[in-house]
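Take these sequences, add in the hints, and give me the full structure.
Spelled out from the first residue to the last, the chains are:
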Amino acid sequence: MASMLLTSLRSSPLTSVQAAQFAARSLGTSVHLQAQAKSKKTLAKPGVKNIVLVDGVRTPFLQSGTIYADLMPHDLARAALQGLLNRTGLPKDAVDYIVYGTVIQEVKTSNVAREAALGAGFSDKTPAHTVTMACISSNQAMTTAVGLIAAGQCDAVVAGGVEFMSDVPIRHSRRMRKTMLSLNKAKTLGARLSLLGSIRLAHLAPELPAVAEFSTAETMGHSADRLAAAFGVSRLEQDEFALRSHTLAKKAQDSGLLSDVISFKVPGKDIVSKDNGIRPSTMEQMAKLKPAFIKPHGTVTAANSSFLTDGASAVLIMSEEKALAMGYKPKAYLRDFVYVSQDPKDQLLLGPTYATPKVLEKSGLTLNDIDVFEFHEAFAGQIMANLKAMESDWFAQTYMGRKTKVGAPPMEKFNSWGGSLSLGHPFAATGCRLVTTVAHRLQKEGGQYGLVAACAAGGQGHAMVIEAYPQ
Amino acid sequence: LVLISILGLHCEYFTRTHVNYEIKGDVAVIRMNDPSVNTLSVQMQREMTEVMDEVWGNSAVQSVVLISSKPGSFIAGADLNMIQACTTAEEVTLLSQEGQKMFEKIEKSPKPIVAAINGSCLGGGLEFAIACQYRIATKSKKTVLGCPEVMLGLLPGAGGTQRLPKMLGLPSAFDMVLTGRSIRPDKAKKMGLVHQLVDTLGPGLKSPEERTIEYLEEVAVEAARGLAKKQIPLTKEKGLMQKIQDHVMSYPFVRQQIYNTVQKKVMKQTKGLYPAPLKIIECVKAGLEQGPTAGYLAESQNFGKLAMTPESKALIGLYHGQVTCKKNRFGTPEKEVKALAVLGAGLMGAGIAQVSVDKGIHTILKDTTLEGLSRGEQQVYKGLNDKTKKKSITTFERDSFLSNLTGQLDYNGFNKADMVIEAVFEDLSIKHKVLKEVEAVIPPHCIFATNTSALPIKDIAAVSKRPEKVIGMHYFSPVDKMQLLEIITTDKTSKDTTASAVAVGLKQGKVIIVVGDGPGFYTTRCLAPMLAEAVRVLQEGVDPKKLDSLTTGFGFPVGAATLADEVGIDVAAHVAEDLGKAFGSRFGGGNIEFLKSMVDKGFKGRKSGKGCYIYQPGLKRRDVNTEALEILESYKLTPNAAISSDSDIQYRLVSRFVNEAVLCLQEGILANPVEGDIGAVFGLGFPPCLGGPFRFVDSFGADKLVEKMRKFEEVFGNQFTPCQLLLDHAKDPSKKFHK
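Chains as they are written, first to last, in full-length UniProt numbering: chain A, 1 to 471; chain B, 1 to 739.
Source of the hints: derived by calculation from the structure; they are not laboratory data.
Mixed in with the good hints, there may be bad ones.
[Said to hold, decoys possible] Looking from chain A toward chain B, a few residues come up when the C-beta cut is under 7 Å (computed):
id	residue
1	Arg-226
2	His-297
3	Asp-346
Even for Gly, the Cβ is constructed at its ideal location relative to N, Cα and C.
Shown next as C-alpha cells:
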C-alpha cells in the first residue's frame, strides 16, 4: 500500500539473464524429491464437506493511472464478475451469495460487492457484502465463502476483490468538513455568513488517504526497509529477487500460463488482455535507483517494490456435491486456512513466516509435502526477510515459541509464474490471484498440495492449503 | 604493512579494556566498551589516544568510524569522579586542556571520522562527537544529545562552548548549553547537530539492540568511505534562513545585543545564584570576539573555577543523590504490582493513575461520584494528550495507555488488585472507613498505601487487620510533574511491603525517599515551620510579593506566598493545626487564625481563584489579593527591627526549615542526609544551588547557622532553638553530613 508514491518512478527496459540464474539457485533449504511420499494422501476429512474452487479469473492488472484511469472500482469488479460468468457458464441465479474485498473504499459504493453484482447482471435476489483486511481482503472474501458453505448456509458463492488506485478519496480537512456540516444546519443567513467567515485558507488544504500504518504512522515501504535491514537482506539480494519475479512473469505471460486473465473492453479504450507492469530490467539499471523510503542508505527502491495497481479478481467456490451436480470439473479443493497477527511496527510484514507453519500443522502436512508455493510479494525485501526468518532457528525459538526453524520453501517451487512485484498488486484482488494460480500450477506441474501465504497491513497474515482436484 | 598492523592490533587488543578497533577494508572501526558505562575516564582517554595514533599511522586506513559497543550509551559524559578527585581549580583546568587538545586532534584529523551514535551522547561525549567530521545517530528512544554540564554547575569544558556556536549558530547553541536540555535525534538532525539518522530495527536474526548497533556501524562505514572519497560533502549547502542569520550575526552589535539579552534572561531566572550560565556566556563571547585561543583558554579556566564552587558541588551532590534514590534499597518485592487501584479521582488520585497507566500498570480509578470520576478521567486523558501535542508519545500510544485505565464507582475488580493507593480527603475517619471497606474486598497479598501529606500512618493503620501491608505513599502535586515520592513506613510495615511500594514508585518514574512515621513525616514537617514563619512575616507587614522575592532570592523556585497558594491555604491551615498539636509551640509563629479567616472567606489559594494572590484563568499576571491584606490588618504584628532585615527574614525562614530537617535525621525519621537533601529539593523546592538542607549546613557552617538561630531565639523562643545534632556539628567543625 505504501508503494503508492513509487509508480511514477518505475521505468526500465526489458530482459536479463541474471534473474534466471537466481531462479535456479535454491536458498539452501531441504532437498526436495519429486516422488517423495506425502504425509497424507488427501486432506479430506470424514463428515466434513469438501469445498472446491470451480474456477477463478481476473482482469488484467494494470499500473494505476493507465488504461483504467477513468473507471470506477465497481466497473473493474463488474468486469471480473462477468468474466467469471462467461468462463464458467454459470446461470446468474445459481449464485447464493457474493463476498467481495476492497481496501481503499470509494465512498459512493461503500458496499462495492452489491453495486458490482447488480451491474454485472446477477440476480437482484443475490445478497452481497464487502470485506476489508488490507492486502488479504480477497483471502478473507474466499474464506468467508468457505465458511458459508461449510456451515450449510450456501452451496455456491462468488468471492473476489477489487482495488482501484487511479482514483482515491481525497477529503476536505476536518475543520472544513465541520464547517460544511454546520452550514447544512444553519438556519439564518447571518449564521451561514458567520460560518463562511470562519473558513481560513489552511482549512482548504486537502487530506490525502493515509499511506501509513495508522497505529505507528510508519509507511509500509519504510517498515519493509527496516525489516530487510533487520534480517540483513542486501540491496543486491532484493534487486535479484525482483528481477527473478519479472523474468518469471514475463516467461509465464509469453507462454500463455496466465490463463486466469480475461480480456476487458474498457469503455472508450481498446480491449485490454495483458498485465502491463511486467518489465524485466537489468541489475545495472536497477542498481541505479535511489532508495525510495529510507534515505540515503535504505535498500527498498521503486524497482524492488510492488507498484500501485488497478485490478479485480473473482472465484467461484462451491460444495463439491453442488459443483458435480451442476456438471463442473473443479480445479482444486480449498482446505485448511489460518489468519495470524503480530506487532504492526517491527513485524508488520512477517505474516507468511507465522502463518505457514501454523497452517501446515493444522493440516498435518510438512513443508516437503507442498509442491507449489504462492507467496504475496509486497516487497522483495519483505520476501527475502520472510525466507530468512523461516530459515532461522534463533528467530523460531525467540519469537515463535518453536523448537526449530520453520524452513524456507525451495525456490524452484516458489512463485514460479511471477508475483505481486511483477504482475502487480491491486491490494484486495491479489488473494484470489494467488489461489487461482496455485490451482493452475498444480494442474500444470502435476503436484498435489499448494500453499498460499500473504502479509497485510496491520501486522496480519494469512495462509491456506490447497489440494489439487484429481485429474 | 597491513598484515603487520593487524598483528599489532591483536597484541594490543588484549591489553586494552576500554577501546579496541577493527579494520574493515580501508575503514578503521573504533569501538568503545568501558566495563561499566562509557565515560571519558582517564583510562578511556589514554587508550583512545593510543588507538587514534595507530589509526593515523596506518596508511591502509582512509577513514574512521567511532562507535560504542554498549547498547543505550555512546558516551554518557566525562567521568565525574575524575573532576571530584581534583583539589584545585588549576588541576581541573589541566583536565579540561587535555580534553581540548585531544579533540583538537580529532577535529583536524586528516582521515575523516564518523561518530556513530546510539544511546546517550552527553557532555564530554557530545563534545567528542562534535569534534568529529560527521555524525550519524539512531532514532532510538535512548538516543539523546545534550550538554547537561550546566545542571551540575559546570560548563562544557572540552571545546563545547567553542564549537557549538559555530555549528548551530548563537541562539541554538546558547539554548543547548544554558538549559542543558536533552535533544532527541529528529530535532538534532533538524538543527544540524547530526548529519544522518538511522532507524532502529526490530527482531531479525539477532536481538533488535544488537542488530541496530551493527546496522548503524554498516551505515557509518559506508558514510566514512563516502567521505574519504569525497562523494559525501562535509559542509551542507546552507539554507536561505541560515544565510540570513549568519549575515545578521556578522555584525558585532547584533552579537552584543544577543549576549546582553541572554545575560539578562539568565540573571532573571537564576537571581545570580548560579555562576555556571554566566561563565558559559563569557566563554562563548571570548571565542567569538577574541578568537579561538582566548576562547579555549577562557573555557578551560572557567571550567576549573566552576568545579571548585559550592554550587557545583551542591548540584553534583544532588545528581549522585538522585541516582541513589532511583534504586530500591529494599530489594525485589515478592510479587510485582501489575494491577493497581486508586481511590479518589481528585487531583492526586488522577495524577497517580496517569503516571501508572503510561507505565503499563492496569489501574482502576474509583470515585464516589460520577462527576468526580469524570473530572479525574478527563485529567488523565488531558495529561496524556498534552504529551501527544509535544510529540513525546503518539496518539496511538495515548490510546493504548488509556486502555489500562478503568474508571468506576464500585469495588468491582478489587479482588484482583495487587496494591490499592487511597487518595481520599485528608480526614482520619474517612480514611478509616475507606481502609475497612477496601480490606473487605482485596486479596490477602494486596498492599494498602495511603496518600496523605500529614496524617501519621500508624493512626490510619490502627483499624487495619493487616498493618504489615499498610504503608504511606506521599505524592506531590502535580503528580505527573513532581519527581519526588515520599514513602512512609510504620514499625509494623513489612520489608516486602516497602520494597513493593518503592518498586511501584520507581516504575512511575519517581525519585524516592523512604522515611519513618510521625506527624508530617519528613517533607511536610520541614515545610510547616517555614510556612508558619512566612505567615508571621506577612503579619509583620511584609507584602506577599516582597515575601516571594525574598524566598526566590534565596534560591527557592517558588516564593513562600505563592507556595502557600499552590498547596492550598485550607490544607496549610489544616496541617499547621495538626502539627501544632503534635509538636507544640515549636511549630508556632504565624497565627493559624489568620489562615482560618482566609479559608472562611473562601481564599483557599489557586484552586479557589483567590489566596494571597488573585488568579484569573488565562491571565499570567497576578495581583495581590487586597482582601487578604485587609484580613492581615487585624492580625498585624510589630516587627522587631533587630531581626527584620531582608537577610534576617530569609534566614528566619530557612533556619527553621533546616533545623527541622536535621531534627528528623536526629530522630531517625530520615535514614540518611542524602534522602533528606533529595526530599527537600525535589519535593519542596529547597534551593538546588545549596544542595539541600544538609549540604547547606555543611557549606554554610553549622556554627554560623546556630549563631543566627540564637539571635532569633532571643526574640521568638523555642521555635529557633537549634536541635542537638545541629549543635554537635556546630561544636565540632570536622563533623559533616556529607564527606
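A quick look at each hint next to the structure:
The restraint placing Arg-226 (chain A) at the interface with chain B holds, with a minimum CB-CB distance near 5 Å, inside the 7 Å limit. Restraint check, His-297 (chain A) versus chain B: the minimum CB separation of about 5 Å is within 7 Å; hint holds. The closest approach between the C-beta of Asp-346 (chain A) and any C-beta of chain B is roughly 2 Å, which is under the 7 Å cut-off, so the hint is satisfied.
Of the hints listed earlier, there is not a single one the structure fails to meet.
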